[in-house]
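Enquirer: This is what each chain is made of:
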Amino acid sequence: MSEQSIEFTASLLKDNGASLELSQEHWLKERQQEARFQLENNSLPTTAEEEWRFTDLTGLYKRTLSVPQADLPVDSAVVRSLVIPEALSSIVLVDGVYSPDMSFVDAGKTKIRVSNLEAALQDESLTSLLKDQLNKIDGDGISAFGEMNTALFKDIVVIHVGSGVQSFETIHVLNISTGKQTFNHPRLLLIAEKQAKVCIFEDYVGIGGFEYMTNSVSELSLAADSEVIHVKLQRDDDSAYHIAHTHVGVDNGASYRNWSISVGAAVSRHNMVTRQRQEGGQIDIKGLALGHGKRIVDTHSCIEHTRPHGESTQVHKTIAGGRSKVVFNGKVKVHKNAQQTNSSQQNRNLLLSARASVDAKPELEIFADDVKCAHGATVGQVSEDELFYLKTRGLDDAIARNVLNYAFAKEVIDDLPIQSLGGVIESYIKEQTKT
Amino acid sequence: MISNNAEVILNAQDLSASITGTQILKGFDITIKAGEIHAIMGPNGSGKSTFSKVVAGHPSYSVDGGILEFRGKNLTDLEPDERAKLGIFLGFQYPVEVPGVTNGAFLRLAYNTVQGARGKDELDPLEFDDYIQSKLNLLGMDAEFLERSLNDGFSGGEKKRNEILQMAILEPTLAILDETDSGLDIDALRVVANGVNTLHADADAVVLVTHYQRLLNYIEPDFIHVVDGGRVIKTGDKSLAHELESRGYEWILEENRSSVS
Chain A
35 MSEQSIEFTA SLLKDNGASL ELSQEHWLKE RQQEARFQLE NNSLPTTAEE EWRFTDLTGL
95 YKRTLSVPQA DLPVDSAVVR SLVIPEALSS IVLVDGVYSP DMSFVDAGKT KIRVSNLEAA
155 LQDESLTSLL KDQLNKIDGD GISAFGEMNT ALFKDIVVIH VGSGVQSFET IHVLNISTGK
215 QTFNHPRLLL IAEKQAKVCI FEDYVGIGGF EYMTNSVSEL SLAADSEVIH VKLQRDDDSA
275 YHIAHTHVGV DNGASYRNWS ISVGAAVSRH NMVTRQRQEG GQIDIKGLAL GHGKRIVDTH
335 SCIEHTRPHG ESTQVHKTIA GGRSKVVFNG KVKVHKNAQQ TNSSQQNRNL LLSARASVDA
395 KPELEIFADD VKCAHGATVG QVSEDELFYL KTRGLDDAIA RNVLNYAFAK EVIDDLPIQS
455 LGGVIESYIK EQTKT
Chain B
73 MISNNAEVIL NAQDLSASIT GTQILKGFDI TIKAGEIHAI MGPNGSGKST FSKVVAGHPS
133 YSVDGGILEF RGKNLTDLEP DERAKLGIFL GFQYPVEVPG VTNGAFLRLA YNTVQGARGK
193 DELDPLEFDD YIQSKLNLLG MDAEFLERSL NDGFSGGEKK RNEILQMAIL EPTLAILDET
253 DSGLDIDALR VVANGVNTLH ADADAVVLVT HYQRLLNYIE PDFIHVVDGG RVIKTGDKSL
313 AHELESRGYE WILEENRSSV S
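Protein sequence lines correspond, in order, to chains A and B.
All residue numbers for the first sequence refer to my numbering, where the first residue is 35 and numbers rise by one.
All residue numbers for the second sequence refer to my numbering, where the first residue is 73 and numbers rise by one.
Next up, chain A with everything else stripped away, as it sits in the complex (with noise of 0.2 angstroms):
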């Protein structure tokens, strides 16, 4: 433990969590408070733990944050200029509290209940689903700083797809930082029931230019047989702090795709556990990290096999410039009854500069015998070949290079569901991938 991380610890608990008035709720609150008490049990990770080694947070523990000012305002052109023209739905959260105003929800045409807390809360069914799976879609691979989500959100957006409600309409989860030298626990729980199908959009955004922190957590659960598209795109603000973590339960025959794409922030860790809790199952998962200036951009990732004839697929693509530090823990665990489990990993990292660093670490655990695991993980720099082919026809050496990383991130976004993302994607990459 560091005395810096219990200050800062200490100085975010001052905050009370989720301002509205529940106390008849007594089962969020007591969970809140659990949570709350175990932060205060277990500081803040450092570069001693393991897990951490790589992701030094010092400089957030040296900040001093404060609770965002409610209900800023935010021009609505922004808002406008972000959501995707795909959207049917989109929530806006601001500091991490449900917009009203700024959200567009059609319940004519949408099937799909989409809810904010205080809204779930008035409605039977909803609170029933939060009381039952709030926190429970992935209970002992949280951390510390999912701990503090727990204690400190204010709101939670409930996404919840009824049983046999096929559309891949997609819901654009907007979440926007206003805030100088504030934080935020965006909370989100997306209820996938049989046969249903959904195309999520979480999407981070910062629009101040200041610093801050997000710190989020969304759970995913899938009943048989449905199938969930989640896409995340972390672009916040280049001087933001950026922890979230991604929790998702697979059943039987359910299929769960997610590209999770890391553009922005000044520190980012993305915590991903995908867990298979029935027999079968599909999970595919696209990774895209960019290391760009002096970020330091952090992607652990586990895919846990839980039971026979489940498949997972996961590449991991990441591109380190400038003096990034690019960090890929990749664990993919099968359990000894976890036979005829069917799995391939990818991670390929491209390093643009010798002051860049990559950390990739595959890391296999297999305790059943009768398994297909294929992994591999590459560093590489641009291929000469590629570069000399180009420039002789006309690209001068920046824009050679620029044209080869941007194919080297391509594959992550080439079947992207959601058309509109490839452009936005497109120019970030290529914007930070300039030499």
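It should be emphasised that the hints constitute simulated quantities derived from the structure, not laboratory data.
Hints may be right or wrong, so weigh each one.
List of simulated lysine-lysine pairs, PhoX-like, C-alpha gap at most 25 angstroms [to be verified]: (1) B:K157 - A:K468; (2) B:K157 - A:K464; (3) B:K231 - A:K444.
If you're wondering where the values come from, they're calculated on a predicted model, not measured in any experiment.
With chain A fixed as given, assemble chain B onto it according to the hints.
Expert: Structure of chain B alone, referenced to chain A:
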């Protein structure tokens, strides 16, 4: 077509070049004028492919001496892209596969970069689609080619057609085609040769670097140079190719050795 008054496009005199300290070109001489088609032939390891890479500006080779000029301008200090903008095109023996770069988008970028540098208007995607259609037709290529990644998973014939397609849109003054015939079946060879013949005009020059005489049945050269030991040891007209076909290289190499000693 030979014309004595034609402009000198490429002039190499006593050119020497090396890679990682090993000298490959040792006093290479060649003069190429507008309108001409030259063939550079020679056994494996003679230096003919190195010559084409040196002209294109491959960074692994350093020019250690001699003259290398394009239309009177010294080339040796120019980057490969600057040479391309001036009008030098290298058709690769092994076109590089570049996964993730869409062929069509790349061709448009190359076109706009090179033609833009020559003061021509850039084309937007729709205009470029129209422009490239006739070039695709010339090479019997389907527009579907443009959607694929650059050379990625292309067959040998497709790669070579794609090289000639790039030559067609970049409109070089000097096209050096390095072993363009290797890996081609007879039909693909005809298409590629027809493309080169159609594109060749009085104002530009073509250099065919080839191991075999076969290509020269389809593209008729004005001059044939035999290279050995990093320099041109014999220059002749197209009849030399037939002689090489029937007698092989050995007699020329012998002839050269005895004249040297």
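Enquirer: Are the hints correct? Go through all of them and say.
Expert: Here's how the hints hold up against the structure:
A C-alpha spacing of about 22 angstroms is found between K157 of chain B and K468 of chain A, which places the hinted pair at or below 25 angstroms, so the restraint holds. Restraint check for K157 of chain B and K464 of chain A: satisfied, since their Cα atoms lie roughly 23 angstroms apart, inside the 25 angstroms limit. Simply put, K231 of chain B and K444 of chain A have alpha-carbon atoms about 22 angstroms apart, close enough for the 25 angstroms limit, and the pair holds.
When held up to the earlier numbered hints, the structure conflicts with none and fits them all.
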